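S.K.: Just so you know, my numbering puts the end of the sequence shown at 287, numbered straight through with nothing missing.
It should be emphasised that the hints constitute simulated quantities derived from the structure, not laboratory data.
Incorrect hints may appear among the rest.
[Unchecked claim] Using 25 angstroms as the maximum straight-line C-alpha spacing, the simulated BS3-like pairs for lysine-lysine come out as follows:
hint : residue 1 : residue 2
1    : LYS149    : LYS185
2    : LYS212    : LYS139
3    : LYS149    : LYS110
4    : LYS214    : LYS110
5    : LYS139    : LYS159
6    : LYS139    : LYS110
7    : LYS110    : LYS273
8    : LYS159    : LYS185
9    : LYS159    : LYS149
10   : LYS149    : LYS139
11   : LYS273    : LYS239
12   : LYS139    : LYS239
13   : LYS273    : LYS149
Since the model is a prediction, treat every value here as computed from it, not as a measurement.
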Amino acid sequence: MVEGEFHVVAHCPSCGVPADAWLTEVPAPDLTAESASDAIATGDIEIECETCGNVFPVTITAHLTGWEAHLTDDPKTKAEFEQLDYSYDDWLEEMEPEPHPRAIFNQAISDWTSLLHLVGDKRSGAAGINRMLLVQLFSIIEAYLSDAVIKLAFEDRAVAKAIVEWHPDLKVEQVSLTTVASQPNLVRDMVVAQLRKKTQFHRFEFLNGMLRAAIGHRLLPGDKVKRDLILQSVQSRHHCVHRNGRDVDGKILDSVTVDYLDRLARCFMETVERLATAIDEIEAKRPSPLSEDLLAIQW
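Let the sequences and hints guide you as you build the complete structure.
M.R.: Following this line, the structure appears as structure tokens:
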């Protein structure tokens, strides 16, 4: 059997409406066969039509060149077969870190502030437009934090190492010596992949701990009022993103006022300013590549 994610669509023989099934494994051709015809393998599945409730069999045939499907009781009636290909995510691995995260944040927050005063509903804290502005505000701060931290880990081996030692998933990773020997940037690349694909950058307490361990910087403000405002906003974001602005009891949020959004945005701007300054100081102390080359020549 071949494991993966596969999608089969066939027209119901009873009502004619398309019905589908998702599969995690399908027959595999016999790669040791002496001929293409001998390599063929088949397997049957059942698809239930959601329209009429009819359950009918579909046969999947594996060839050396791929798969095809047909109605088991009517082999001339073909079904659609698709193997999902997630290679479109490969561009994430090839993407260089964003070189100017702070400048992008400044422009984005400026545009957002203009929108806040232009379209923000000043009469209600339950207005849909205000909830949309809250979600967009989070997108802006999350994008900055993601870009800034990834750039830092990509460019500074000491930072990448510190993140590995602190991170609950990375510190237990095990790789073979062959992999280490063949990939000189393995640690950096694993850290960047973890940050880029598996890290939620609105988990501010998590990021606070990681940055404290990596560069000795506290992401969250020392002022308790501002810190609470930021941390409590995460739950409001969750309600807006996942429940269209309603809490677990179904009550619509009524606290997302223009004033609230303005105060939260200012806290985010201060947070970015402090982190950007800390990163600037780290980069200023980092030896330039030219200095390292000269040192190597002297040795």
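S.K.: If a hint holds in the structure, say so; if it does not, say that too.
M.R.: Against the structure, the hints:
no. : hint               : result
1   : LYS149 with LYS185 : holds (18 angstroms)
2   : LYS212 with LYS139 : violated (29 angstroms)
3   : LYS149 with LYS110 : violated (47 angstroms)
4   : LYS214 with LYS110 : holds (22 angstroms)
5   : LYS139 with LYS159 : holds (20 angstroms)
6   : LYS139 with LYS110 : violated (38 angstroms)
7   : LYS110 with LYS273 : violated (46 angstroms)
8   : LYS159 with LYS185 : holds (17 angstroms)
9   : LYS159 with LYS149 : holds (10 angstroms)
10  : LYS149 with LYS139 : holds (14 angstroms)
11  : LYS273 with LYS239 : violated (51 angstroms)
12  : LYS139 with LYS239 : violated (40 angstroms)
13  : LYS273 with LYS149 : holds (18 angstroms)
In this structure, the earlier hints numbered 2, 3, 6, 7, 11 and 12 are contradicted, and the remaining ones agree with it.
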